[in-house]
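*Asks:* Please arrange chain E on chain W, whose structure you already have, making use of the hints.
Quick note, the sequences are listed as chains W and E, same order.
Residue 1 is where the first sequence starts when you use my numbering, and the numbers rise one by one after that.
Residue 1 is where the second sequence starts when you use my numbering, and the numbers rise one by one after that.
Treat the hints as calculated values from the structure; they're not laboratory data.
It is possible that part of the hints are untrue.
Not everything, but these chain E residues come out facing chain W in the computed CB check (under 10 Å) [said to hold, decoys possible]:
hint: 1; residue: Y57
hint: 2; residue: Q82
hint: 3; residue: P93
hint: 4; residue: V97
hint: 5; residue: C98
hint: 6; residue: C119
hint: 7; residue: V120
hint: 8; residue: R134
hint: 9; residue: D140
hint: 10; residue: R160
hint: 11; residue: V162
hint: 12; residue: T235
Using N, Cα and C, we set each Cβ at its ideal position, and we do this for glycine too.
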Amino acid sequence: MSVMAKPLAHAHGHEEHDHEAELRKEHLLLDPKPRGEMNAMVMDMMGGTTWKFWVVAAIMGALVLWGLVYSWGIMIAQGLGLAGVNQPVYWGLFLVHTVFWIGISHAGTFVSALLRVFKAEFRRPFTRAAELMTTFSLAQAAVMIFAHMGRVWLAYWMFPLPNQRQLWPNFHSPLMWDFLAINTYLLSSTMYLFLPLIPDLAMARDRSTGWRRKLYSILALGWRGTEGEWTHLRHALNIFAFAILPIMFSVHTIVSWDFAVAMRPGWSSTIFGPYFVVGAIHSGVAAVGMVLVAVRAFIKNMDYFIRPEHFDALGKLMLIISMAWAYFFFNDFMVQWYGGDRWTDELLHFHEAGKWGWIWFLMLICNIAVPWLTLWNKTIRRTPWAMFIIGLLINVGMWAERFIIVPVSLAINRMPFRWGDYEPGVEVPIFIGSVAFFILLYMLASRILPLVPVWEVQEGQMAHSIRKYGKEPVVTVSDLE
Amino acid sequence: MAKNHNIPEYKAEWKAGEEGKWGMAIDMDICTGCNACVAACAMENNIPFVGEEDAGYGRGMHWIRIERLWEGKYPEVKTEFQPVMCQQCGSAPCEPVCPVFASVHSQAEKLNVQVYNRCVGTRYCANNCPYVVRTFNWRDYDRPEPLNNQLNPDVTVRQRGVMEKCTFCVQRIHKAQDQAKSEGREVFDGEVQPACAQACPADAIVFGRIDDPESRVSKLAKQGRGYKLLEDLNTLPQVTYLKGGSHVRNG
Numbered sequence: 001m002s003v004m005a006k007p008l009a010h011a012h013g014h015e016e017h018d019h020e021a022e023l024r025k026e027h028l029l030l031d032p033k034p035r036g037e038m039n040a041m042v043m044d045m046m047g048g049t050t051w052k053f054w055v056v057a058a059i060m061g062a063l064v065l066w067g068l069v070y071s072w073g074i075m076i077a078q079g080l081g082l083a084g085v086n087q088p089v090y091w092g093l094f095l096v097h098t099v100f101w102i103g104i105s106h107a108g109t110f111v112s113a114l115l116r117v118f119k120a121e122f123r124r125p126f127t128r129a130a131e132l133m134t135t136f137s138l139a140q141a142a143v144m145i146f147a148h149m150g151r152v153w154l155a156y157w158m159f160p161l162p163n164q165r166q167l168w169p170n171f172h173s174p175l176m177w178d179f180l181a182i183n184t185y186l187l188s189s190t191m192y193l194f195l196p197l198i199p200d201l202a203m204a205r206d207r208s209t210g211w212r213r214k215l216y217s218i219l220a221l222g223w224r225g226t227e228g229e230w231t232h233l234r235h236a237l238n239i240f241a242f243a244i245l246p247i248m249f250s251v252h253t254i255v256s257w258d259f260a261v262a263m264r265p266g267w268s269s270t271i272f273g274p275y276f277v278v279g280a281i282h283s284g285v286a287a288v289g290m291v292l293v294a295v296r297a298f299i300k301n302m303d304y305f306i307r308p309e310h311f312d313a314l315g316k317l318m319l320i321i322s323m324a325w326a327y328f329f330f331n332d333f334m335v336q337w338y339g340g341d342r343w344t345d346e347l348l349h350f351h352e353a354g355k356w357g358w359i360w361f362l363m364l365i366c367n368i369a370v371p372w373l374t375l376w377n378k379t380i381r382r383t384p385w386a387m388f389i390i391g392l393l394i395n396v397g398m399w400a401e402r403f404i405i406v407p408v409s410l411a412i413n414r415m416p417f418r419w420g421d422y423e424p425g426v427e428v429p430i431f432i433g434s435v436a437f438f439i440l441l442y443m444l445a446s447r448i449l450p451l452v453p454v455w456e457v458q459e460g461q462m463a464h465s466i467r468k469y470g471k472e473p474v475v476t477v478s479d480l481e
Numbered sequence: 001m002a003k004n005h006n007i008p009e010y011k012a013e014w015k016a017g018e019e020g021k022w023g024m025a026i027d028m029d030i031c032t033g034c035n036a037c038v039a040a041c042a043m044e045n046n047i048p049f050v051g052e053e054d055a056g057y058g059r060g061m062h063w064i065r066i067e068r069l070w071e072g073k074y075p076e077v078k079t080e081f082q083p084v085m086c087q088q089c090g091s092a093p094c095e096p097v098c099p100v101f102a103s104v105h106s107q108a109e110k111l112n113v114q115v116y117n118r119c120v121g122t123r124y125c126a127n128n129c130p131y132v133v134r135t136f137n138w139r140d141y142d143r144p145e146p147l148n149n150q151l152n153p154d155v156t157v158r159q160r161g162v163m164e165k166c167t168f169c170v171q172r173i174h175k176a177q178d179q180a181k182s183e184g185r186e187v188f189d190g191e192v193q194p195a196c197a198q199a200c201p202a203d204a205i206v207f208g209r210i211d212d213p214e215s216r217v218s219k220l221a222k223q224g225r226g227y228k229l230l231e232d233l234n235t236l237p238q239v240t241y242l243k244g245g246s247h248v249r250n251g
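The shape of chain W in the complex, shown without the other chains (with noise of 0.2 Å):
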């Protein structure tokens, strides 16, 4: 590392002393470790694997079997005639998951390269938590959009393949883009976890044995820490961090052409776009609280690297982007109500007074009213069990939001005599089936990957300075750049 370590200025008399003391318990870039000490948590982490461990996993890993093998097995054996899709109800549960899953996808971009581009410096613990999440939710998205299709076999043909017969996919459908979209953010997601793992990984490889060792050989690339390989890092991640944003908004957008081009009362609106990235970052940023806190819980040394001030953060950035999705909300309904368009006035009625009703009040209880009613509270933001319950029904409210979207107004067209309506089948297991997948990897990752950026902490304690913005002293790496 090419930065000179700075340590705590002197204290002078028993009261400084008492306010430096709660300064390191509050700030972990204030509450310096020795770097072998450091590195040792981390390693330990991925190795100490209790049998508790092991039971976790292989309930997860039979409710994959049960979910995606067994129920989506017979499915697509059967036809999609098991689940709860009829006419005119065409699209279900599977796309509301899609959504979804994209949508907590989205959060662990946006922690880690939105907070990385600002400089924000509670970051550096848990971004690499946040980027397994977007990987790992990615794919459930990808097998959500599988399972939807009829013939799934055959979805291939989304590929531009050269063939004999000269058959070309049409770019100009919205699932096209959706498909090009969501690949290009899962390499893309993908490279941008992978370049910060690196000096990990060769740390890990320093310091194991065995198959480890080889396994962290091969994925470290040959890393040495020279000051060019350092830089080179650095140029990379500048550039990912950067180049990440827009397509994190793109994909979401793209989601919400989807629905936003169909030629349908309640799809067809412009504001979808920006309505749809504020719902991802919404559930997203809910969803990285719930993994923190769960992964603060269950692993080893943990609590030294995520703190009540990392909470007290994500806590701030929910309640801002729960007023932001209100007003987005606010913004499409009232222009949808106000046109007084016939169809879309009956929609926006089946939506609040039809049978899914208490979905919709769900929705703004969820996303609204939970959120602001606590989050500007400072204890409950750093009580970690209190942010994951604020987590879940946020990402309760989310998911009610998508299944008004989806769903519920697919029941109501334009030719009355075929409105319907929508009874979840075989698309139950399947999700339950896919959080348990999502589960699974992130529990096997967690004995791979070192799950805190090792690095990032250590550079982040040696080169740090105290800045004062009003009455807020900020710890803040900004000389380092």
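*Replies:* Just chain E, lined up with the frame of chain W:
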């Protein structure tokens, strides 16, 4: 840029004043709602029977349906019957959204066709169809003996996971065209009849060339009673509904 004719057009290129080719006129004043067209269509086009439960859940696969609509308040109620099938839109919303070109516009017949072999089952076309006339093969449905002997050899049997819809009985159009060609003449008006028109006891469904001003369907469409379904969406449907005759309808 030179046009590549190997790539199918996703949308008919309508110029001002240009008509489609095949069209239909449905006289709602004389439709009795007897559902003979629905049955005939199912026989002709190998449409599976989905069973009571699935049909009740909105998975009936008929390509044509009789919409029964009530007008007025009890006891002054009038029943209204409206047969609805694919409107063969000139500017069809189902076509551009298909990611694999399974829903395309045929240049020869100027019809909206569904390529079953190419369909991967995303169902986007059905969501974007304002008439809700596309049906999906939710399962592989049984054809117990002796129903398997009833299959029409001119029409493909569809697999589960595939979208389908009314074709204007394109197999009958082709048959008549082949016959006319072998006899060295044009197809004459009334030679082609889709199954629904053939079965209609009231002769409420009339089929023919709408680009021929002398055909029966063109004359009916120009009577002044005609309107198109959801015309404001500008999908350019090729089915004209006739309504508002002088006689008292349905009692």
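*Asks:* Are the hints correct? Go through all of them and say.
*Replies:* Status of each hint after checking the structure:
For Y57 of chain E, the shortest C-beta to C-beta distance to chain W is roughly 5 Å, which falls under 10 Å, so the interface hint holds. Taking 10 Å as the C-beta cut-off, the interface hint given for Q82 of chain E holds, the closest approach to chain W being about 8 Å. A least Cβ separation of about 5 Å between P93 of chain E and chain W falls short of the 10 Å threshold, and the interface hint therefore holds. For V97 of chain E, the interface hint holds, since its Cβ comes within 10 Å of a Cβ in chain W; the closest pair sits about 5 Å apart.
Contact between C98 of chain E and chain W, as hinted, is supported at the beta carbon level, the nearest pair being about 6 Å apart and thus within 10 Å. Using the Cβ-Cβ criterion of 10 Å, the hint placing C119 of chain E at the interface with chain W is satisfied: the shortest such distance is roughly 7 Å. A least Cβ separation of about 5 Å between V120 of chain E and chain W falls short of the 10 Å threshold, and the interface hint therefore holds. Here the hint on R134 of chain E is kept, as its CB sits about 8 Å from the closest CB of chain W, short of 10 Å.
A distance limit of 10 Å between C-beta atoms decides the matter here; for D140 of chain E the minimum to chain W is near 6 Å, and the interface restraint holds. Against a cut-off of 10 Å between C-beta atoms, the interface hint on R160 of chain E holds, since the closest Cβ of chain W lies about 4 Å away. Interface hint status for V162 of chain E: upheld, as the beta-carbon distance to the closest one in chain W is roughly 6 Å, under 10 Å. Given hint, T235 of chain E at the interface with chain W, holds; its Cβ is 8 Å from that chain's nearest Cβ, closer than 10 Å.
In this structure, every one of the numbered hints holds.
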